[in-house]
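Novice: Sequence:
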Amino acid sequence: MPVIDDGGINSQQNHTSKKKDAACIKDVWASTLVDEMQKVSEMIDKFPYVSMDTEFPGVVVHPVGNYTTANTVHWKTIQCNVNILKIIQLGLTFSDEQGRHPPGVCTWQFNFKFDIDADMYAQDSIELLQSSGIDFQKHSTDGIDVQVFGEMLTASGLVLNEEIKWVSFHSGYDFGYLLKILTNSDLPENEADFFDILDTYFHSVYDIKYIMKTCSDLNHKAGLSQLAADLQVERIGPCHQAGSDSLITCHTFFKMINAHVKSFCFRDARWKNVLYGLGRDTITS
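Per the numbering used here, the sequence shown starts with residue 4, numbered consecutively.
Everything labelled a hint here was simulated from the structure, so no lab data went into it. Treat each hint with caution, since some may be false.
What the hints assert, rightly or not - List time: in silico DSSO-like cross-link candidates among lysine-lysine, alpha-carbon distance up to 27 Å: (1) K141 / K29; (2) K183 / K168; (3) K216 / K89; (4) K141 / K89; (5) K275 / K265; (6) K29 / K49; (7) K79 / K275; (8) K89 / K116; (9) K116 / K79; (10) K29 / K183; (11) K141 / K116.
What the hints assert, rightly or not - Simulated restraints on C-beta separations: (12) D38 / T144: 17 to 27 Å; (13) N69 / Q41: 48 to 58 Å; (14) S44 / Q150: 10 to 20 Å; (15) N69 / D196: 37 to 47 Å; (16) Q41 / T203: 17 to 27 Å; (17) T35 / C218: 36 to 46 Å.
No residue lacks a Cβ here, since even glycine has one placed at the ideal position from N, Cα and C.
Based on the provided sequences and hints, a complete structural model is requested.
Specialist: This is the structure:
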């Protein structure tokens, strides 16, 4: 997830979460990718609700042009940065429709090849990820090749599958990086084309930051960590790692819709396939 949208939770609160048992989160590197993707594929039938988060190296470029809306600027910023940068981590957490997890491991954290001596990044983002425990030396030597991962993800049953429901938070960048991996190509120039591709690979997407705008009793400017704290959702694992962030995304989503969005229905088109600040959504602040 974009580290710029942390929501103001201080570092002391972030790091206390590291004391919690994170046995439910499985780290995946190149050497274990085949075995762990098989386990992921076996989750789908009973646990088809997938909460997702990514870590990436920040924002390094901003679009230049006479753009008339905040949405257009947001889209062009995503498109420019995703096209020139590399994903660092992907977190996937599995649950059923009530938010219940499988026993044992329920979250997979995929660690991709990334070389801070050769690849582009924003300095502040990399420093934050390093302080959160990401081992960039290991990413350089043991990280997963994105092309190999894209082929395995396509074959896994997770994408191109109408039964899978995807849960995320402020996820334009997250789905941008995933689509870049899945298509093995840059994001399109046109935002409408991006959504056409998104709808092909991910039939049902639910963005918490968009949905929470309907909740008058929630802070609409909150980032994921702040919203989780407001809802008294405890974190497992370190903040700013994709596994932990995908797990807290799952818990926060189900807590929010059960307590604050009584009208929520997964089949309702109001909530489905809208990413915060893009497409049908409008940035107002």
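Novice: A separate judgement is required for each hint: does it hold in the structure or not?
Specialist: Outcome of the hint check:
no., hint, result
1, K141 / K29, "holds (16 Å)"
2, K183 / K168, "holds (20 Å)"
3, K216 / K89, "violated (30 Å)"
4, K141 / K89, "holds (16 Å)"
5, K275 / K265, "holds (16 Å)"
6, K29 / K49, "holds (19 Å)"
7, K79 / K275, "holds (22 Å)"
8, K89 / K116, "holds (9 Å)"
9, K116 / K79, "holds (25 Å)"
10, K29 / K183, "holds (24 Å)"
11, K141 / K116, "holds (8 Å)"
12, D38 / T144: 17 to 27 Å, "holds (19 Å)"
13, N69 / Q41: 48 to 58 Å, "holds (50 Å)"
14, S44 / Q150: 10 to 20 Å, "holds (19 Å)"
15, N69 / D196: 37 to 47 Å, "violated (21 Å)"
16, Q41 / T203: 17 to 27 Å, "holds (24 Å)"
17, T35 / C218: 36 to 46 Å, "holds (40 Å)"
Of the hints listed earlier, those the structure fails to meet are numbers 3 and 15, in rising order.
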